[in-house]
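The listed protein sequences correspond, in order, to chains A and B.
Sequential numbering from 882 applies to the first sequence in the numbering used here.
Sequential numbering from 1366 applies to the second sequence in the numbering used here.
One thing to keep in mind: the hints can contain errors.
Claimed, not checked - Here are the simulated SDA-like cross-link-like pairs (lysine to any residue), alpha carbons at most 25 Å apart as the crow flies: (1) A:Lys-950 - B:Glu-1591; (2) A:Lys-950 - B:Arg-1473; (3) A:Lys-993 - B:Asn-1470; (4) A:Lys-993 - B:Asp-1465; (5) B:Lys-1422 - A:Arg-1006; (6) A:Lys-950 - B:Asn-1470; (7) A:Lys-950 - B:Glu-1439.
Bear in mind the hints are in silico, worked out from the structure with no lab data behind them.
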Amino acid sequence: RSSQADYHRTASDVHGGTTNMIDEMSARPIATGSSVVGMHFKNGVVMASDCRISYGSLSRYRDFTRFIKVNSDTVCVCNGDSADFQLLERTILEQVRSDEIENDGIQYSPIKLHNWLTCVLYNRRTRIDPLWNNFLVGGLQDGKPYLGMSTMLGQSWTAPYGATGFGKHMSIGKMRDFIEKHGVENITEEMAVKIITECMQQLYYRSTDAANEIEIYVVSGDGCKSEKTTLP
Amino acid sequence: MSSIGSGYDLSASQFSPDGKVFQVEYAQKAVENSGTIVALRGSDGVVLAVEKFIQSKLHETEVQSMTRLFHIEEGIGASVAGLLTDCLMLVEYARDEAADYRESNGVRVPLKVLANRVADYVHAHTLYSAVRPFGVNIILAAVEADVGPQIYMVEPSGVVYGYSGVAAGKAKQTAHTEIEKLALSRTPCEELVKEAARIIHVCHDETKDKAFELEMSWVREGMGYERVARDTLMKADSYGKKALDDTDSDSD
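Could you put the whole structure together from the sequences, leaning on the hints where they help?
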């Protein structure tokens, strides 16, 4: 084969067409984070995840943050493969740095980040080489609470509550009932943090890959703050 | 000095019989037509000052369009003289190279490395007839952890030197004379800001040149790159004007 063909070598060229190893490597996540949850409250959004990365059934890292603070109005968090998360984290933070340097007043906002993430995730799934993460993008968009979900398949939607992984089964119902009962405009930060903490507690009890060291991010008119706590 | 090219000046890929590359010399002329820029290396940082000509009264000066001071990377600033659109290309290149270095190496690019990369890029445009050289002098400045404040300037030929103080543009000779009088390494940036403003005012030729706006920025130890704040700028500007008026009245 001519050397020009080297630019287009695929895995099957390398292995002589006898193995789908490279294809299969993409078919499962390796070091993973568990569920994340998030919801609106009257002045912003609250999002939480735990700090553990599991390597199959091994609890591998105990103090890993799966949040990316993009700016004071925008935060995202994900579950799934931690290496894929780190790639996206590098890419996003690189873009944030170059936005700061341009300093033309144009910055990330939740809608922009959500949109961009969805494009990237959908593109990768279409190439059958997914980034194995489901993201929650939250913050303040034009002063109003914004929460968007982007899955590894490239689905995206916005809602007043969102969760990934086990949280989809256990936490969505709880958050939805609470929101429908009180209405977002009546939910204070304390109420939202309490519900979110209860969700994380339930997940710790019932999900095998959840941990009790959790991180909670609150994005509101007062900026973005985060807190790490340990559930009892 | 200004010899007629007579046939050896049509492309950068040709030498003249007396060993010049005329296209590069013409590029340097483009820089000499532009407003003066000055860079001063002080004890705790670098001050960059620009004599920015105001092309028209209709221009919106508050919006800092057509600025000649740029933020390249965290803690690295640049000022440019010459053809503005060529300048913008080089600034973009410098930003890309710096970002790339950080992506690959995890740390900020050392200023020397960045200056050399920009110089190589500029030099590459002096080798082929398919492109023209950059009509730009770009000054890069930063405060490095181990060596302190640094200034590098790249010229249209692709040559790059480190400086303790440098100027480019219309009145660079006048500016250099003024810079040599300063005790740069012992002076903090807060003082140099005023001196830089004074030098720009000295360089500005009321009779020949249009109205100008003084633009200044600085890189300082622990503070990164910033445009000089409005009130500091105004104070430096009036110091500069006053110093010029004083020298004028002295010479009467």
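Hints and how they fare:
1. The suggested pairing of Lys-950 (chain A) with Glu-1591 (chain B) holds, with an alpha-carbon distance near 23 Å, which does not exceed 25 Å.
2. For the proposed pair Lys-950 (chain A) and Arg-1473 (chain B), the alpha carbon gap of about 21 Å is at most 25 Å, so the pair holds.
3. Between Lys-993 (chain A) and Asn-1470 (chain B), the direct Cα distance comes to roughly 28 Å. Violation of the 25 Å bound is thereby established for this hinted pair.
4. Among the hinted pairs, Lys-993 (chain A) with Asp-1465 (chain B) is consistent with the structure: their alpha-carbon atoms are about 23 Å apart, no more than 25 Å.
5. Between Lys-1422 (chain B) and Arg-1006 (chain A) the CA atoms are separated by roughly 54 Å; this puts the pair beyond 25 Å, and the hint is violated.
6. For the suggested pair Lys-950 (chain A) and Asn-1470 (chain B), the alpha carbons sit about 22 Å apart, so the restraint of at most 25 Å is met.
7. For a cut-off of 25 Å, the pair hint linking Lys-950 (chain A) to Glu-1439 (chain B) stands: about 18 Å separates their Cα positions.
Comparing the model with each earlier hint shows violations of hints 3, 5; every other hint is respected.
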